[in-house]
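Undergrad: Chains as they are written, first to last, in the working numbering: chain X, 1 to 330; chain R, 1 to 330; chain S, 1 to 330; chain W, 1 to 330.
Hints may contain errors.
Repeated chains share a single entry, so a pair holds when one copy, or any two copies, can fit it.
To be verified - Straight-line distance between alpha carbons at most 27 Å, and here's what the computed DSSO-like set of lysine-lysine pairs gives: (1) LYS276 / LYS70; (2) LYS142 / LYS79; (3) LYS117 / LYS15; (4) LYS94 / LYS276; (5) LYS84 / LYS117; (6) LYS142 / LYS70.
Please keep in mind that the hints were generated in silico from the structure rather than gathered at the bench.
Nothing here was measured: the structure is a model prediction, and the numbers come from that model.
There are 4 protein chains.
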Amino acid sequence: MIIVMEPNSTLAEIKSICEKLAGMNFSCHVISGVNQSVIGVIGEITDELCEKAQLWPKVEKALRVGKPFKLVSRECQPKGSIVKVGKVNIGKDKVVIAGPCAVETEDQMLKTAAAVKKAGASMLRGGAFKPRTSPYAFQGLKRKGLELLYEAGNLYDLPVVTEVVDPRDVEIVAQYADMLQIGARNMQNFSLLQEVGQTSKPILLKRGLSSTVQEWLMAAEYIMAEGNSQVVLCERGIRTFEPWTRNTLDVSAIALAKEVSHLPVLADPSHASGKKSLVEPLAKAALAAGADGLIIEVHPNPDQALSDGPQSLDFNEFTSFMAALGGERK
Amino acid sequence: MIIVMEPNSTLAEIKSICEKLAGMNFSCHVISGVNQSVIGVIGEITDELCEKAQLWPKVEKALRVGKPFKLVSRECQPKGSIVKVGKVNIGKDKVVIAGPCAVETEDQMLKTAAAVKKAGASMLRGGAFKPRTSPYAFQGLKRKGLELLYEAGNLYDLPVVTEVVDPRDVEIVAQYADMLQIGARNMQNFSLLQEVGQTSKPILLKRGLSSTVQEWLMAAEYIMAEGNSQVVLCERGIRTFEPWTRNTLDVSAIALAKEVSHLPVLADPSHASGKKSLVEPLAKAALAAGADGLIIEVHPNPDQALSDGPQSLDFNEFTSFMAALGGERK
Amino acid sequence: MIIVMEPNSTLAEIKSICEKLAGMNFSCHVISGVNQSVIGVIGEITDELCEKAQLWPKVEKALRVGKPFKLVSRECQPKGSIVKVGKVNIGKDKVVIAGPCAVETEDQMLKTAAAVKKAGASMLRGGAFKPRTSPYAFQGLKRKGLELLYEAGNLYDLPVVTEVVDPRDVEIVAQYADMLQIGARNMQNFSLLQEVGQTSKPILLKRGLSSTVQEWLMAAEYIMAEGNSQVVLCERGIRTFEPWTRNTLDVSAIALAKEVSHLPVLADPSHASGKKSLVEPLAKAALAAGADGLIIEVHPNPDQALSDGPQSLDFNEFTSFMAALGGERK
Amino acid sequence: MIIVMEPNSTLAEIKSICEKLAGMNFSCHVISGVNQSVIGVIGEITDELCEKAQLWPKVEKALRVGKPFKLVSRECQPKGSIVKVGKVNIGKDKVVIAGPCAVETEDQMLKTAAAVKKAGASMLRGGAFKPRTSPYAFQGLKRKGLELLYEAGNLYDLPVVTEVVDPRDVEIVAQYADMLQIGARNMQNFSLLQEVGQTSKPILLKRGLSSTVQEWLMAAEYIMAEGNSQVVLCERGIRTFEPWTRNTLDVSAIALAKEVSHLPVLADPSHASGKKSLVEPLAKAALAAGADGLIIEVHPNPDQALSDGPQSLDFNEFTSFMAALGGERK
């Protein structure tokens, strides 16, 4: 920790801070600059200590040196992780997960599974528990949705991923799904993170729509700290001032997460843009920035979808999309 | 709903959209402008219909007329609501809720309760379940914390409010607390909103740090839709690009929420700024903008606090703060 | 400057950095922590040196200690500055500047000057050179506008302020105006800042709509570095994700600017909100946060205004507004 | 224009609005919905009219149908524009513009020109007039810088682009440069836009760091409205809450600008990230999203650069970068 003292601090004031820290078993080195002094503090520093030190007399600021995460860090594991979901190796092969925003009917799921399998997708997605901004909007088929998703995935040999929104549902969702998704709105629902951290299922952790990359990695750290190391990150766009897109896909975050962490990183261009015509360029951009794969919304009839129609591709569009991706997926 | 057609749409294309809507029992009125046509659609419009319509051929955009919330709306209840917590009437009297970020010890709570009562606070706060960015940070005393908070509030005749972060904890927290707080990170934890909506306790709903005012009101609508109408909103700062404050207190949101909704609105200048010297100016600004009260962090020794020290006032500072507020609280 | 070395740096690598700095006449102190080392660098540090040091081998980051501004700093002048504009003392009396967004006609200006004077305003505003997002929108009356503004101010004994947008116009604008305004979009138009810094007129410097407080103060430093110390800051709202207001009035920035700098600070609640009903609550909030005054849009017929109608008050509304402000202006 | 009336408007109030509009020669069509009425207004609508209408009694909001730009619009010119700078065809070939942030010495420019030419760059960049946040930072060599840039470009047959920051400098810069750059901070410096719009030089228009895509296109419209249609857009990152990158490269904006406008679009991954390790992934992402080329900072000794060192590539790094780009530039 570095403590920057205010320009007008006296030697006695600096000494008093050092004594306080010595009493807590830290060692201090004072550097007196032209206008200001700084104190280098050595020992096992916590965020709490750093916050407290801000308040001590004549302290201008206290800065922690080093990153607050450990298990997710590439320093801790230099080689990129591979997370296995059935036969799919996320982090090794470029994976495309496809399917509707919400599970609606058996027919919808079977047709979609067949179509995305044929077009080259390796996993199936579909929401059974839907977090919706309005209490009056369709909230998902819940258990029935899990059954339909499982059935479709099983029939077409596609591992399935679905969102869990309540710690009380983790057990039931884990019975049906091959991978559990934590949605953007729940990225800092720490009870839920701890609960999925206690399962043996791989976790797809979406970035919160106004979370920093560090907060996202700390959310992954929560899951890993419970013993589950099968975490896959997913960038899905951040909230900015731009009104022409629903969110702004942050490709720098993909590159940064790959640089700082060993975890695989996917991108969700469908949610990021909220606009069908942007799905392909954003998907290509995400892969070019280093993403390990994509999650794409596909629906038999997007204009009849019960949620998130505007960004869903129909089967023909998805087939063209996969063909267009061709080279980028190598 | 207003559907704006692309400039190059033909009459046949416009007619086809109208027929589709007629088949769904909506009536349509076409207005042909100089460059573009628009269709006015009459009937009970949902967000889902609006999203779907965006995808129909030659539709440039579909706009819903009117607000998506009902129960929280001032149109629905022109007179401002008063939410009673014990003898405190939020929405009538300007209320100050004070106490530490986290409950730590019995001594801390009793001293704080005595001090804030004496200085004029009307309610006591303190966190027993703490949502923390890092899994390695202090997470709160949990049940023991609830007991200490209850004891201190009871002894000094101060109703108590504390955060609940997990739907499974709502029952136990409701046994000890007079008011349940939904934190900023859980503002769109819909399972938790529904759970507290089923209790008979007043709810303090903090605004998510990147939530729009409309999303905040929709979160309140979730609680009210479950039957609990005792909701108090709390603005606590939004995430912006400014690095010198932790968050940016949005006083416009206070004025807007009061204008659009009948619910009382508090402000939390401590969390908004993360900086002790800003607590007083921001508190005054919030009251001047129309806030019904404040929630302020107070700790016997802020530089020893287990969380959020930098923004906490000590007892002397809180006493001066209350005195300085004087006129604004009328 | 503090240089944080990467965790895996060797002693030789640290030594090599210190030698490079010694060659530039800086002295270095190395502090070896548990995981990482830091180097404290003493001497006259510049931003450029700090940027370069980031690139040296094994450097994780280089942090400059201390603020980059001098003349605007409260450390440099502990007492708040008073900027005189005619008989008005900004920084001493709470000042209200009022008038239309754009100067349109003689009748409009004379009527407005009379009305705002009567209601208690101390200065008159009006735009002759209008920066407009669209090249097809009304761009102001230019020289004719300056004449009308001057005439109205002169007749009603109100000092006038108007915006200058081009360094070539500074001379002519300075002939007519008592105070020159730098608009939000030009806050980092450094040529313009330097040009107005060479006049003897007081300057009203609006904060850029996505400028940090530090960048705003640096823009003031540009003006002061040219020899003109009569700078008044003006907070006018920042760009955020919230769509219900045009911008978000940042009251923390007002309090921070007053804390860090000796310059007076005004607020512009009209532009910040873009909404008439918010002008009064935001004005009160700004004053409560410590603002030295306000700038308010007033127009004889807001619904006929050539620009920015939605946020302008008419004469009756402005009179009520001034009455409502009453207590806060003491 | 669509006028949405408040839910409680009477027929008389609606009629009164229609009469006002009829008096201005617009025709109106009223659509009475379940809760609210809307008025469709036909005629040549301006932004000003739309703003005024917001203020009329019982008007909830007034929405303009259609985009406010014309000349930059793809509707106006369905085929993508090609902007010629010497022998380089921007919009046809994928172009890479390379060079230092600031022109410093003859040796620096000649070496850089030779190196970037050899590595495959097609144009040379270098700043002679530097907009800097601090008045105390290096502001560029000005005229001397223009000469050195011209000489290096001429010798190595590379067209040159350089920034102009003051309308008074446009003439001199145009004498030396093949293309004029408008920097992000000056994107809404409308005097400067108009001045460069009157030259016959191609213009590189950077997006403001908090400008919407629409505002960016309107800035291009300013230039084109003066008669200069040779405009190239350049996305260089927007300001967000993320602290680990200097700005957030907005690849959606690249795809959107290409969709909505016929103008070529470049990307500047060096400024967007402020971090050398991100230049390559962001460059690839930008091209994958549809960018017509890149602008990359290259310096003989980045750790000695007078500005923007941290994001500059040295010659070896640039050569590897160009090789790595290989496939994406087809």
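Undergrad: Would you list, in rising numerical order, the hints stated earlier that this structure does not obey?
TA: 2, 3
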